[in-house]
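Construct the complete structure from the given sequences, taking the supplied hints into account.
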Amino acid sequence: MSNIAPNSSTDTAAAFLDEVRAVRRGAAALPGLEPDSYARDHAAFERLSDQRGLIAEHFAGRLAAMGDGPISVLSVGCGDGSLDVRLAAGLVQRLPGRPVRYVGIDPWPGSAELFTAKMAALGADELDADAFVASFGDCQVNETFDVVMFVHSMYYVADVGATLRAALNLLRPGGQLWVAVAPAAALNALVGVLAPPLEGHRQWFSADVEKTFVDAGIALDDVVTLDALVDLSSASDEVLDFAVQARLTPELLGPVRAYLDAVSVPGTDGGLRVPHPVDVFAATRR
Numbered sequence: 001m002s003n004i005a006p007n008s009s010t011d012t013a014a015a016f017l018d019e020v021r022a023v024r025r026g027a028a029a030l031p032g033l034e035p036d037s038y039a040r041d042h043a044a045f046e047r048l049s050d051q052r053g054l055i056a057e058h059f060a061g062r063l064a065a066m067g068d069g070p071i072s073v074l075s076v077g078c079g080d081g082s083l084d085v086r087l088a089a090g091l092v093q094r095l096p097g098r099p100v101r102y103v104g105i106d107p108w109p110g111s112a113e114l115f116t117a118k119m120a121a122l123g124a125d126e127l128d129a130d131a132f133v134a135s136f137g138d139c140q141v142n143e144t145f146d147v148v149m150f151v152h153s154m155y156y157v158a159d160v161g162a163t164l165r166a167a168l169n170l171l172r173p174g175g176q177l178w179v180a181v182a183p184a185a186a187l188n189a190l191v192g193v194l195a196p197p198l199e200g201h202r203q204w205f206s207a208d209v210e211k212t213f214v215d216a217g218i219a220l221d222d223v224v225t226l227d228a229l230v231d232l233s234s235a236s237d238e239v240l241d242f243a244v245q246a247r248l249t250p251e252l253l254g255p256v257r258a259y260l261d262a263v264s265v266p267g268t269d270g271g272l273r274v275p276h277p278v279d280v281f282a283a284t285r286r
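FYI, the numbering used here numbers position 39 of the sequence shown as 39, with every residue one higher than the one before it.
None of these hints come from the bench; they were simulated from the model.
Since the model is a prediction, treat every value here as computed from it, not as a measurement.
C-beta: ideal position from N, C-alpha, C; glycine also.
Treat the hints with caution; some may be incorrect.
Claimed, not checked - With a straight-line Cα cutoff of 20 Å, these simulated SDA-like cross-link-like pairs (lysine to any residue) come out:
#, residue 1, residue 2
1, K211, H152
2, K211, D159
3, K211, H201
4, K211, V223
5, K211, N188
6, K118, P107
7, K118, H42
8, K118, A89
9, K118, I71
10, K118, Y38
11, K118, T225
12, K211, P183
13, K118, R40
14, K118, Q93
15, K118, D128
16, K118, G161
17, K118, P99
18, K211, V141
19, K118, A56
20, K211, A228
21, K118, N169
22, K118, G137
23, K118, A207
24, K118, A134
25, K211, G161
26, K118, W108
27, K118, R86
28, K211, D221
29, K211, T284
30, K118, R52
31, K211, D279
32, K118, S72
33, K118, P96
34, K211, G192
35, K211, S233
What the hints assert, rightly or not - Simulated restraints, written as ranges between beta carbons of each label pair:
#, residue 1, residue 2, range
36, G200, V223, 23 to 31 Å
37, A158, L95, 19 to 27 Å
38, W108, A162, 20 to 28 Å
So, in structure tokens, the structure goes:
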């Protein structure tokens, strides 16, 4: 355990982060998250956060503004479909009989199977859903879409610019690209210190994605920040591992939990929550 008394001051949080750095200094990279437990730990983390609900509400509003004709959506890194099934259900319920094409891409077979099962469970004849087991770069998608979305999946691509351009090419004229990615805020300061490299590249955050949009000459319609909160006060060790994207060693648990206490803010119920914002970038294919 840490020997620094936690409080909410910026200086104290910085001291705990320095303690985490000191524990890691000179050590080999921590193990990453195993594919077979990633989805389970992700689901447990999401149950402690209000972010998914905020993203669903935000995207549902954008989808509602896209008219009442047939609509198609490609979700890159769809996971188990928990977010996508809410959006698909909203589309078919808002306008019964409206043809909806919804495609997911995820590299893990178990997640893609859950995505397909959840879509099928909606029992909507007007919904045509498929899932591809592949990374975005390897997936052969032979159709175009009204919306292509990346929700916390841009972190895992090696070349953000090439990925943005490929995504735009999958859009119909007037179609929209939505990228939801976390800023390098309090929680992700830990990710920056603790997470191992991803496929040979460092962790991307929203500033990297925004710079890549600019460098690629892709005009942004807007950037919206959703101010979510996550309750990590009593999270299991496995959920903490997901939060920092690495398997923590025992000597790290104390300073990591102390840092999270120090950066926490009061939630609406009076309990302490860690700020968990997400930036949503939107661009239209001209």
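To see whether the hints hold, each was checked on the structure:
1. K211 / H152: holds, 17 Å
2. K211 / D159: holds, 13 Å
3. K211 / H201: holds, 16 Å
4. K211 / V223: At roughly 12 Å apart (the allowed maximum being 20 Å), V223 and K211 satisfy the hint.
5. K211 / N188: holds, 18 Å
6. K118 / P107: Holds: K118 and P107 sit about 17 Å apart, inside 20 Å.
7. K118 / H42: holds, 17 Å
8. K118 / A89: holds, 10 Å
9. K118 / I71: holds, 19 Å
10. K118 / Y38: holds, 19 Å
11. K118 / T225: This hinted pair is violated, its Cα atoms lying about 28 Å apart.
12. K211 / P183: With Cα atoms ~13 Å apart, K211 and P183 stay inside 20 Å; holds.
13. K118 / R40: holds, 16 Å
14. K118 / Q93: Roughly 16 Å separates the two Cα atoms, so the pair holds.
15. K118 / D128: It holds: about 12 Å lies between the C-alpha atoms, which stays within 20 Å.
16. K118 / G161: Answer violated: K118 to G161 is near 32 Å, above 20 Å.
17. K118 / P99: With Cα atoms ~18 Å apart, K118 and P99 stay inside 20 Å; holds.
18. K211 / V141: violated, 27 Å
19. K118 / A56: holds, 16 Å
20. K211 / A228: violated, 23 Å
21. K118 / N169: violated, 28 Å
22. K118 / G137: violated, 25 Å
23. K118 / A207: violated, 33 Å
24. K118 / A134: Holds, at about 19 Å.
25. K211 / G161: holds, 9 Å
26. K118 / W108: The given pair, whose Cα atoms are some 16 Å apart, holds under the 20 Å limit.
27. K118 / R86: This hinted pair holds, its Cα atoms lying about 10 Å apart.
28. K211 / D221: holds, 15 Å
29. K211 / T284: Given that 20 Å is the threshold and the Cα spacing comes to 17 Å, the pair holds.
30. K118 / R52: holds, 17 Å
31. K211 / D279: holds, 13 Å
32. K118 / S72: With Cα atoms ~17 Å apart, K118 and S72 stay inside 20 Å; holds.
33. K118 / P96: holds, 19 Å
34. K211 / G192: holds, 18 Å
35. K211 / S233: violated, 34 Å
36. G200 / V223: 23 to 31 Å: holds, 28 Å
37. A158 / L95: 19 to 27 Å: Taking Cβ atoms as reference, A158 and L95 lie about 39 Å apart, which means the hint is violated.
38. W108 / A162: 20 to 28 Å: holds, 22 Å
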